[in-house]
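Engineer: Here the structure of chain X is known, so what remains is to put chain D in place on it, guided by the hints.
Chain residues, written in single-letter form:
2 protein chains.
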Amino acid sequence: MNRRLVLSAGAAPLAMAAFAQGADAGNAGPVQAGNCTERDDRPNIIFFLVDDMGWQDTSVPFWNQKTRYNELYETPNMERLAAQGMLFTQAYASSVSSPSRCSMMTGANAARHRVTNWTLEKGVPTDMESDVLELPEWNCNGIAQVPGTANTFVAKSFVQYLKDSGYHTIHCGKAHWGAIDTPGESPYHFGFEVNIAGHAAGGLASYLGESRYGHDKGGNPTSLMSIPGLEKYWDTDTFATEALTLEAIKALDKAKKYNQPFYLYMSHYAIHIPIEKDNRFFRKYKAKGMSDKEAAYATLIEGMDKSLGDLMDWLEENGEADNTIIIFMGDNGGYATGEYWRDEPLYTQNSPLKCGKGSAYEGGIREPMIVFWPGVTEPGSRCDSYILAEDIYPSVLDMAGVRYDDAPQHIDGRSFVPLLNGAGDPSEGRNLYWNFPNLWGETGPGIGSTCTVRSGDWKLIYFYESGKKELYNIPDDIGEENDLAQERPDIVKKLSKELGKYLRKAGAQRPSFKATGMPCPWPDEI
Amino acid sequence: MNRRLVLSAGAAPLAMAAFAQGADAGNAGPVQAGNCTERDDRPNIIFFLVDDMGWQDTSVPFWNQKTRYNELYETPNMERLAAQGMLFTQAYASSVSSPSRCSMMTGANAARHRVTNWTLEKGVPTDMESDVLELPEWNCNGIAQVPGTANTFVAKSFVQYLKDSGYHTIHCGKAHWGAIDTPGESPYHFGFEVNIAGHAAGGLASYLGESRYGHDKGGNPTSLMSIPGLEKYWDTDTFATEALTLEAIKALDKAKKYNQPFYLYMSHYAIHIPIEKDNRFFRKYKAKGMSDKEAAYATLIEGMDKSLGDLMDWLEENGEADNTIIIFMGDNGGYATGEYWRDEPLYTQNSPLKCGKGSAYEGGIREPMIVFWPGVTEPGSRCDSYILAEDIYPSVLDMAGVRYDDAPQHIDGRSFVPLLNGAGDPSEGRNLYWNFPNLWGETGPGIGSTCTVRSGDWKLIYFYESGKKELYNIPDDIGEENDLAQERPDIVKKLSKELGKYLRKAGAQRPSFKATGMPCPWPDEI
Numbered sequence: 001m002n003r004r005l006v007l008s009a010g011a012a013p014l015a016m017a018a019f020a021q022g023a024d025a026g027n028a029g030p031v032q033a034g035n036c037t038e039r040d041d042r043p044n045i046i047f048f049l050v051d052d053m054g055w056q057d058t059s060v061p062f063w064n065q066k067t068r069y070n071e072l073y074e075t076p077n078m079e080r081l082a083a084q085g086m087l088f089t090q091a092y093a094s095s096v097s098s099p100s101r102c103s104m105m106t107g108a109n110a111a112r113h114r115v116t117n118w119t120l121e122k123g124v125p126t127d128m129e130s131d132v133l134e135l136p137e138w139n140c141n142g143i144a145q146v147p148g149t150a151n152t153f154v155a156k157s158f159v160q161y162l163k164d165s166g167y168h169t170i171h172c173g174k175a176h177w178g179a180i181d182t183p184g185e186s187p188y189h190f191g192f193e194v195n196i197a198g199h200a201a202g203g204l205a206s207y208l209g210e211s212r213y214g215h216d217k218g219g220n221p222t223s224l225m226s227i228p229g230l231e232k233y234w235d236t237d238t239f240a241t242e243a244l245t246l247e248a249i250k251a252l253d254k255a256k257k258y259n260q261p262f263y264l265y266m267s268h269y270a271i272h273i274p275i276e277k278d279n280r281f282f283r284k285y286k287a288k289g290m291s292d293k294e295a296a297y298a299t300l301i302e303g304m305d306k307s308l309g310d311l312m313d314w315l316e317e318n319g320e321a322d323n324t325i326i327i328f329m330g331d332n333g334g335y336a337t338g339e340y341w342r343d344e345p346l347y348t349q350n351s352p353l354k355c356g357k358g359s360a361y362e363g364g365i366r367e368p369m370i371v372f373w374p375g376v377t378e379p380g381s382r383c384d385s386y387i388l389a390e391d392i393y394p395s396v397l398d399m400a401g402v403r404y405d406d407a408p409q410h411i412d413g414r415s416f417v418p419l420l421n422g423a424g425d426p427s428e429g430r431n432l433y434w435n436f437p438n439l440w441g442e443t444g445p446g447i448g449s450t451c452t453v454r455s456g457d458w459k460l461i462y463f464y465e466s467g468k469k470e471l472y473n474i475p476d477d478i479g480e481e482n483d484l485a486q487e488r489p490d491i492v493k494k495l496s497k498e499l500g501k502y503l504r505k506a507g508a509q510r511p512s513f514k515a516t517g518m519p520c521p522w523p524d525e526i
Numbered sequence: 001m002n003r004r005l006v007l008s009a010g011a012a013p014l015a016m017a018a019f020a021q022g023a024d025a026g027n028a029g030p031v032q033a034g035n036c037t038e039r040d041d042r043p044n045i046i047f048f049l050v051d052d053m054g055w056q057d058t059s060v061p062f063w064n065q066k067t068r069y070n071e072l073y074e075t076p077n078m079e080r081l082a083a084q085g086m087l088f089t090q091a092y093a094s095s096v097s098s099p100s101r102c103s104m105m106t107g108a109n110a111a112r113h114r115v116t117n118w119t120l121e122k123g124v125p126t127d128m129e130s131d132v133l134e135l136p137e138w139n140c141n142g143i144a145q146v147p148g149t150a151n152t153f154v155a156k157s158f159v160q161y162l163k164d165s166g167y168h169t170i171h172c173g174k175a176h177w178g179a180i181d182t183p184g185e186s187p188y189h190f191g192f193e194v195n196i197a198g199h200a201a202g203g204l205a206s207y208l209g210e211s212r213y214g215h216d217k218g219g220n221p222t223s224l225m226s227i228p229g230l231e232k233y234w235d236t237d238t239f240a241t242e243a244l245t246l247e248a249i250k251a252l253d254k255a256k257k258y259n260q261p262f263y264l265y266m267s268h269y270a271i272h273i274p275i276e277k278d279n280r281f282f283r284k285y286k287a288k289g290m291s292d293k294e295a296a297y298a299t300l301i302e303g304m305d306k307s308l309g310d311l312m313d314w315l316e317e318n319g320e321a322d323n324t325i326i327i328f329m330g331d332n333g334g335y336a337t338g339e340y341w342r343d344e345p346l347y348t349q350n351s352p353l354k355c356g357k358g359s360a361y362e363g364g365i366r367e368p369m370i371v372f373w374p375g376v377t378e379p380g381s382r383c384d385s386y387i388l389a390e391d392i393y394p395s396v397l398d399m400a401g402v403r404y405d406d407a408p409q410h411i412d413g414r415s416f417v418p419l420l421n422g423a424g425d426p427s428e429g430r431n432l433y434w435n436f437p438n439l440w441g442e443t444g445p446g447i448g449s450t451c452t453v454r455s456g457d458w459k460l461i462y463f464y465e466s467g468k469k470e471l472y473n474i475p476d477d478i479g480e481e482n483d484l485a486q487e488r489p490d491i492v493k494k495l496s497k498e499l500g501k502y503l504r505k506a507g508a509q510r511p512s513f514k515a516t517g518m519p520c521p522w523p524d525e526i
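Protein chains in written order, with the working numbering: chain X, 1 to 526; chain D, 1 to 526.
Honestly, the hints are just simulated from the structure, not real lab data.
Computed from a predicted model, the values in this text were never measured in an experiment.
Be aware that a few hints might be false.
When chains are identical, the list treats them as one kind, so a pair holds in a single copy or across two.
Straight-line alpha carbon distances no greater than 20 Å define the calculated SDA-like cross-link-like pairs of lysine to any residue that follow [what the hints assert, rightly or not]:
{"no.": "1", "residue 1": "Lys256", "residue 2": "Ala150"}
{"no.": "2", "residue 1": "Lys505", "residue 2": "Met312"}
{"no.": "3", "residue 1": "Lys254", "residue 2": "Ile180"}
{"no.": "4", "residue 1": "Lys293", "residue 2": "Gln486"}
{"no.": "5", "residue 1": "Lys232", "residue 2": "Asp216"}
{"no.": "6", "residue 1": "Lys505", "residue 2": "Glu137"}
{"no.": "7", "residue 1": "Lys232", "residue 2": "Leu246"}
{"no.": "8", "residue 1": "Lys468", "residue 2": "Leu72"}
{"no.": "9", "residue 1": "Lys257", "residue 2": "Val124"}
{"no.": "10", "residue 1": "Lys254", "residue 2": "Val124"}
{"no.": "11", "residue 1": "Lys122", "residue 2": "Lys250"}
{"no.": "12", "residue 1": "Lys256", "residue 2": "Gly123"}
{"no.": "13", "residue 1": "Lys501", "residue 2": "Ser455"}
{"no.": "14", "residue 1": "Lys501", "residue 2": "Gln84"}
{"no.": "15", "residue 1": "Lys288", "residue 2": "Asp343"}
{"no.": "16", "residue 1": "Lys469", "residue 2": "Gly479"}
{"no.": "17", "residue 1": "Lys232", "residue 2": "His215"}
{"no.": "18", "residue 1": "Lys232", "residue 2": "Lys250"}
{"no.": "19", "residue 1": "Lys122", "residue 2": "Asp253"}
{"no.": "20", "residue 1": "Lys494", "residue 2": "Asn473"}
{"no.": "21", "residue 1": "Lys256", "residue 2": "Val124"}
{"no.": "22", "residue 1": "Lys256", "residue 2": "Trp63"}
{"no.": "23", "residue 1": "Lys217", "residue 2": "Trp234"}
{"no.": "24", "residue 1": "Lys250", "residue 2": "Trp314"}
{"no.": "25", "residue 1": "Lys514", "residue 2": "Ala287"}
{"no.": "26", "residue 1": "Lys122", "residue 2": "Lys256"}
{"no.": "27", "residue 1": "Lys122", "residue 2": "Arg39"}
{"no.": "28", "residue 1": "Lys284", "residue 2": "Gly123"}
{"no.": "29", "residue 1": "Lys250", "residue 2": "Gly229"}
{"no.": "30", "residue 1": "Lys217", "residue 2": "Lys232"}
If we strip away everything but chain X, and leave its shape as in the complex, we get (with noise of 0.2 Å):
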């Protein structure tokens, strides 16, 4: 299932030296002292990371025909974007925003970095509550680079490394590292030079201007999520994914004075609910006989496309074009469980993925991803082969050329360095872990207490509270609609074995059982 590329023998050494020069630089130690004026000429590094975005969310199709969302929604940078680099058609995350965005930056997965839902305040867990299950006291404090707070994972980000091999480090959007009043919650924490409009909050409180993204008159925030910073914009017809976008740019022409590479990452709170029209696009999308929420979702994913495509004529206007790596992801599987925000029918909006965001099963966890280097990825090339969140961390530290091997932390990730530039394929023999020992708060299929491996073709889902196991054939049934386990235990035999003992190992959590106090089996004692 795996594709391999060639490097075109023309793209090879341009990348290749730039990466050479990338790694020495990384690895020389400390910079020089004194005057040294030589420029640092490892590529730039923009990871776009949308929240919530579904894997359908795009004009881009990612699976093998081009389906009626596809048709529906205007990604014309996606595509640009796309014809360009390489299209990932099996990019993972957790099915939430907290656990993917902690394994990016701390490259542990989930199971071990225990970030396992979503934070917001400090020691506050936001599970929802259950007569059946005790959860295990997870890390709701998220992650930090200092010990000192309960119910935190500690650990070096990259973005740290890359801040002290000499890159510029900016942060543009939503930050949710850490829960409010601890360390993690400030972007400049964790290694960041720059921080627009981040703070300790997932989501948001509004996108527009008008509503001054969610502060009082008065100036006061009126919710946890209203966004900071971006205050010179209240009171005016700027959206939230337009105000950002001007103010990474703004960043990025005092970083192109730098004379330094710089790592931008370009978070944007978009496309999470509240999902509020952007009324540069609404028209064109009630023309299609939309629905005005379904129209108003289609101007999130188009505003934020505008965005990309605004950073890409920056760096084609600067001529950074072909020294810039640019990253895009999606952080967890696009909203589809609440009648209050869409009008399809539930569960259908990553179809032909089954359910979304909070669920086990792919519509949860499969994620839109392109990847463009410059001299390095073929044009308009796709890659089967899958990947995991957590692989962000050693891919980008590869990019940069900087070694973490004093990092305090065990990286789970690998780097997918050898599939843009087609030197070999990390995900053989490799299985993609999650767990998810928690409640989301909304229900659908897929949705509760479950920890789940995926082992070449196969996938198995592990229910801790009812026993359950699923098993998936997924190339050969994309929308979990065949479950398998019965008619091969030996399978499910094989992957329990390998999910539990990969738990345990990483030091996973589970919930208990609140009549009897009894742990739920892990998935090989059941």
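Structural biologist: Then chain D, alone, in the frame of chain X:
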């Protein structure tokens, strides 16, 4: 001339235990990954730096007698701090701001870092033009932690070390490390996690909230010196010194929640020009018969002192007073050269010291300094050993127990911790060096292109343009009235040799003569 302090038996164990623990934490390498809630109980550190504060701009006598200025000015909180800690009578810095601040931040002597005059705009030296001297191409862009910018000294800051070792790092007020549009313009570049109102500029447009600290009604800065980040105090009567203090205290409230030791760099824009009156204190000084200008100057001092007291109050109210080191210092001599701002006779405002800011005489370089380390410094003690601005770097890291062996730059500074705890005297047998191959812009005694050495009681000043050398016995002649160069050619020769040797070894720069194109001789070449 040096006084030793012996720790009382009661105080020592507490302090040493704290320090040893700090040392362990700092030297243990990367933090442990995972869930670690153990509190890092190294001491908090507040570095309270006042801009352009003269040695006599306080009611605390730093000389061997109380002067007229000590009687005029009221700094009750400096008195309170001095009663708890150790007062340094011979603390030195450079004669202008940037060299001092860059030395503090890098540990390098100004001769080495070459940021020898004040910085502001990228690539634009701020020196006065001369018909006689061609000035060297000094580092007019300041310092940075990365290469890539011309005329920049590359070094790793002690703040970065503090942050990396687990301190929460807060910048409040004047930064002034890198020119506009260079990486060093931002405190975040140097490892700060919070930045309140710091940027490239070394001065301020206005102290007045009514003037929006130098912003017009449209919110645009009216000057490169407009203070950023204090928008919430615009159009109020909040003096900048007070606004900074209020924001610093908010940052401390937050730091307390983080459960980390904190480093607060409280770097007041006060008492730099413009000498605007702080109405909270103005009438009091008018009642003493002072002129409007001199009374306004006195209010800048007392406003700064109130800030110190507010921080000390916060520490006491929050149970952090016993675990917080406070270092109080000025960055260069008091302003004494312009009639526009001061009414006293020119060059007398630092009396008994000669001249002021910009001068090689004591008025330009001798600073008020007090250090309070609970359990370590003997209450109300005085120390006559000399120290220099660059000593801040190793001293703070020493206090925090953080090693800096891998710093890319050479550290000229020496830790003054042995002076605090009575373990030794790092100034014994040590010379202090200054190099100012620049022209500041104003005129007065000792203001010009000079280099200087202090060696024991002796001080030699060499004027590059004239070749003149002056020699003073400082303890005997603090006002530098009796030039002993003719009487003691032996000492002149010895110190000239040591000064010339050091400057060449440190890679110091010197001016040239425009007429001949020849460099000015080093002090030991003439």
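Engineer: All hints are to be evaluated individually against the structure, with a verdict given for each.
Structural biologist: Each hint, compared with the structure:
Taking identical chains as interchangeable, the C-alpha atoms of Lys256 and Ala150 lie at most 20 Å apart only when they sit on different chains, with a minimum of 14 Å there against 40 Å within one chain. In this homomeric assembly, Lys505 and Met312 never come within 20 Å of each other (Cα to Cα): the closest approach is 42 Å inside a single copy and 49 Å across copies. In this assembly of identical chains, the alpha carbons of Lys254 and Ile180 lie at most 20 Å apart only when taken from different copies (10 Å versus 29 Å within one copy). In the homo-oligomer, the alpha carbons of Lys293 and Gln486 never lie at most 20 Å apart, since the shortest distance is 41 Å inside one protomer and 91 Å across protomers.
For a Cα distance limit of 20 Å, the shortest separation of Lys232 from Asp216 qualifies both inside one copy, at 14 Å, and across copies, at 15 Å. For the homomeric pair Lys505 and Glu137, the shortest alpha-carbon distance inside one copy (18 Å) is at most 20 Å, but the shortest distance between copies (59 Å) is not. In this assembly of identical chains, Lys232 and Leu246 lie within 20 Å of each other by CA distance solely inside one copy; the values are 11 Å within and 23 Å between copies. Taking CA atoms no more than 20 Å apart as the test, Lys468 paired with Leu72 passes in neither setting, with 37 Å inside one copy and 83 Å between copies.
Taking the shortest alpha-carbon separations for Lys257 and Val124, only the inter-copy value of 15 Å comes in at or below 20 Å, while the best intra-copy value is 43 Å. For a Cα distance limit of 20 Å, the shortest separation of Lys254 from Val124 across copies, 18 Å, qualifies, whereas the shortest one inside one copy, 39 Å, does not. Proximity of Lys122 to Lys250 under the C-alpha cut-off of 20 Å is restricted to the inter-copy arrangement: shortest distance 18 Å between copies versus 33 Å within a copy. For a Cα distance limit of 20 Å, the shortest separation of Lys256 from Gly123 across copies, 16 Å, qualifies, whereas the shortest one inside one copy, 41 Å, does not.
For the identical chains of this complex, Lys501 and Ser455 are intra-copy neighbours only, at 14 Å inside a copy versus 69 Å across copies, given an alpha-carbon limit of 20 Å. With identical chains, the CA atoms of Lys501 and Gln84 are never at most 20 Å apart, being 41 Å at best within one copy and 59 Å at best between copies. In the homo-oligomer, the alpha carbons of Lys288 and Asp343 lie at most 20 Å apart inside one protomer (15 Å), although the nearest pairing across protomers, at 76 Å, exceeds that limit. Taking the shortest Cα distances, Lys469 and Gly479 sit within 20 Å of each other inside one copy (17 Å), while across copies they are farther apart (88 Å).
Within a single copy, Lys232 and His215 get their C-alpha atoms as close as 13 Å, and across copies as close as 14 Å, so both meet the 20 Å cut-off. Within a single copy, Lys232 and Lys250 get their C-alpha atoms as close as 13 Å, which meets the 20 Å cut-off; across copies the closest is 23 Å, which misses it. When the C-alpha separation of Lys122 and Asp253 is checked against a cutoff of 20 Å, the pair qualifies only between copies, where the shortest distance is 15 Å, while the shortest distance within a copy is 36 Å. In the homo-oligomer, the alpha carbons of Lys494 and Asn473 lie at most 20 Å apart inside one protomer (15 Å), although the nearest pairing across protomers, at 86 Å, exceeds that limit.
Only between protomers do Lys256 and Val124 lie at most 20 Å apart by alpha-carbon distance; the minimum there is 19 Å, versus 41 Å within a single protomer. For a Cα distance limit of 20 Å, the shortest separation of Lys256 from Trp63 qualifies neither inside one copy, at 37 Å, nor across copies, at 50 Å. For the homomeric pair Lys217 and Trp234, the shortest alpha-carbon distances inside one copy (10 Å) and between copies (16 Å) are both at most 20 Å. Taking the shortest alpha-carbon separations for Lys250 and Trp314, only the intra-copy value of 10 Å comes in at or below 20 Å, while the best inter-copy value is 38 Å.
Proximity of Lys514 and Ala287 under a CA criterion of 20 Å is satisfied in neither setting, with 53 Å inside one chain copy and 75 Å between copies. For the identical chains of this complex, Lys122 and Lys256 are inter-copy neighbours only, at 14 Å across copies versus 38 Å inside a copy, given an alpha-carbon limit of 20 Å. In this assembly of identical chains, Lys122 and Arg39 lie within 20 Å of each other by CA distance solely across copies; the values are 17 Å between and 43 Å within a copy. Taking the shortest Cα distances, Lys284 and Gly123 never come within 20 Å of each other, neither inside one copy (45 Å) nor across copies (50 Å).
Taking the shortest alpha-carbon separations for Lys250 and Gly229, both the intra-copy value of 14 Å and the inter-copy value of 17 Å come in at or below 20 Å. For a Cα distance limit of 20 Å, the shortest separation of Lys217 from Lys232 qualifies both inside one copy, at 14 Å, and across copies, at 14 Å.
Checked against the numbered hints above, the structure breaks hints 2, 4, 8, 14, 22, 25 and 28 and satisfies the rest.
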